[in-house]
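**Q** If you read the protein sequences in the order shown, they are chains H and Y. Sequential numbering of the first sequence, starting at 1, is according to the working numbering. Sequential numbering of the second sequence, starting at 1001, is according to the working numbering.
Just so you know, these hints were derived from the structure itself, not from any lab. Hints may contain errors.
Stated by the list, open to error - Computed cross-link-like contacts, BS3-like style, restricted to lysine-lysine with a CA-CA straight-line distance of at most 27 angstroms:
no., chain 1, residue 1, chain 2, residue 2
1, H, 219, H, 113
2, Y, 1178, Y, 1127
3, H, 30, Y, 1260
4, Y, 1006, Y, 1139
5, H, 142, H, 227
6, Y, 1217, H, 257
7, Y, 1118, H, 257
8, H, 257, Y, 1149
9, Y, 1178, H, 43
10, H, 273, Y, 1217
11, Y, 1066, H, 257
12, H, 16, Y, 1066
To be verified - Which chain H residues stay away from chain Y? Per the calculated CB distances, all over 12 angstroms, these:
no., residue
13, 8
14, 82
15, 104
16, 132
17, 154
18, 163
19, 167
20, 182
21, 222
Ideal Cβ placement from N, Cα and C applies to all residues, glycine included.
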Amino acid sequence: MEQDNIYLPYLMQIEKVTDEAPFVKTFRLKFSNEADAAAFNFKAGQFGEYSVFGEGESTFCIASSPTREGYIECTFRQAGRVTTALATLDAGDTIGFRGPYGNTFPIEAWYGKSLLFIAGGIALPPMRCVIWNCLDLREKFKDVTILYGARTVDDLVYKHELEEWKSRPDVNLVLTVDPGGETPDWKGEVGFVPTVLDKIAPKSQDTIAIVCGPPIMIKFTFPVLEKYGFPDDMVYTTLENRMKCGFGKCGRCNIGKVYVCKDGPVFTLQQMKQLPQEF
Amino acid sequence: MEIERKLLKRSSLERLVDMMRSDGNMIYAPQKKETQVVFDTIETFADMTEDYIVSNQSPKFVAFPKIEKILDFSISQEGIRQEGTQLAAFPPVVVLGCRPCDADGFDSLTAIFNWDYKDELYNERLKRTTLISISCAQKDDYCFCTSVKGHPGSTRGSDILLTRFDGGDYLAEIVTEKGKALTEKYAALFEADPGIEKDKFLAEVKPRFEVEGLVQKCMGMFEHPVWIEQSLRCIGCGACAYVCPTCACFDIQDEAAVSKGERIRCWDSCGFGLFTIHTSGHNPREVQSQRWRQRVLHKFSYMPERLGVIGCVGCGRCSRACPVDMNLSEHLINIAEV
Ligand code: SF4
Ligand code: SF4
Ligand code: FES
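Construct the complete structure from the given sequences, taking the supplied hints into account.
**A** Following this line, the structure appears as structure tokens:
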């Protein structure tokens, strides 16, 4: 009867730890149990509850793409009790994982369109999942532009992948750091994400914009997209809220009648505008 | 199924308690403990009090315990082992003397625990629980069941509803298959329909507001200043949620010694400031008025719209328990009027 316990996590082994930026790490995780691995699948945008036994659970997205089978990855910033405990772990250690939860990016519906990814700070991980998912199906899309900004050069995560995207002729990568965050040899842009977005003057025709970042960045990015004619239902974002259960029971992630853990985390700008202002 | 009516003599109820207990059931009933009436296990009928309007704490804990273990874990050289709570080990439970509103409360909880993912911890406990409610002959000013589709003699949610009539014997209304199975098992105790007029033995609770209209109105009230006015004196203690038969919000925590421990699910309250706070320090419900709004709208707008049930059964416990005298039914009337 144990399998009926929806709170029971899978056990997963850390296969690889990557230091991304100060206090930011990526874990590659494999299921400890073969049968769990075989039964598991997820889609871009979904999240899970990661746990250190004895410390508790913490919520973050699955940062790897479903097109890369056999493992999942998560990227987290060491901030609270659980992420601090996670940060002490190494390859070979075991953690708990419940998921996947939440809705997904409707990637199939985007086939034939151009994609504009806009991410800030630690919000690249949810975006990375969908970026790789789309790049692994690259022929399905027209232009792919990635605008990514962080506070400082040091804070940019996935540095190897940024190099890879930069060298791809089929990806237009624009990197920026906040004013003052640049190093002497920095070749990217300097400026906040919304400002740089305005500078690159994105074409909205047949283009899906996906925006992930801190609330303040999102707030100032939407008007720029509006200025360039992006309709609200072509702009996607993910919302975060404090979560415990991940499946609409514990009662803390809702914004009005909308449960971020069930109805989200992926929302269009159109849906966002209908939400009460409490997030 | 169609409701069957039987007579359950007081002496038979006493024997029923003894027999159910010797058959391995845990029997919870209201008991006087200091100044409170609380549900706890009884050994004989005499342990139970019949002198209460509603108990201070609701009996929801039989299916949704204050602290529910999710799993045990141990950490050793060989690695981490976890074992989920064994649902099959949950004991059979009888709740005797819950009120019709309490029984109704389980419908709200069932909706929350099953609207999408099925929560078998809750379901399995409820499945093993038989609710033998006793209808209300008394009420107080806090009761407002009839404003939220309830009634002092409502059978909804109960497996068996008892109504005490002259002389202390009971009319037993057999509501569900589970109730029927119980009366068949102890068939000798249940006699032919006493043919009494039940309504004569029920408290009269006058409706105070019209709930469909209130629910409709609440859907457009998010930005209304009423939440600020009403919540100015709320201290965010969470008592209202802990006593409420329909509040289901919870937290998940690990409790551990060095190499072993357990993960638990425990009651929480949307009235607490920390309930929604992000690790970054950002809090979408920063002030008490936002938390009060969540409490009221969750019950009277979000639940009706998403789950098709009102998240309040009008038991009045929140208002009796509130240390600063927040009165829900008065606030609801106020909301209907502003
Ligand atoms: S909100 Fe108050 S009156 Fe309504 S069910 Fe809960 S405790 Fe009872
Ligand atoms: S019991 Fe009263 S003071 Fe405490 S949280 Fe509820 S409404 Fe506020
Ligand atoms: S995380 Fe528990 S209800 Fe959404």
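**Q** Could you work out which of the previously given hints the structure breaks and list their numbers from low to high?
**A** Violated hints (numbers, rising): 9, 12, 13 and 14; every other hint is consistent with the structure.
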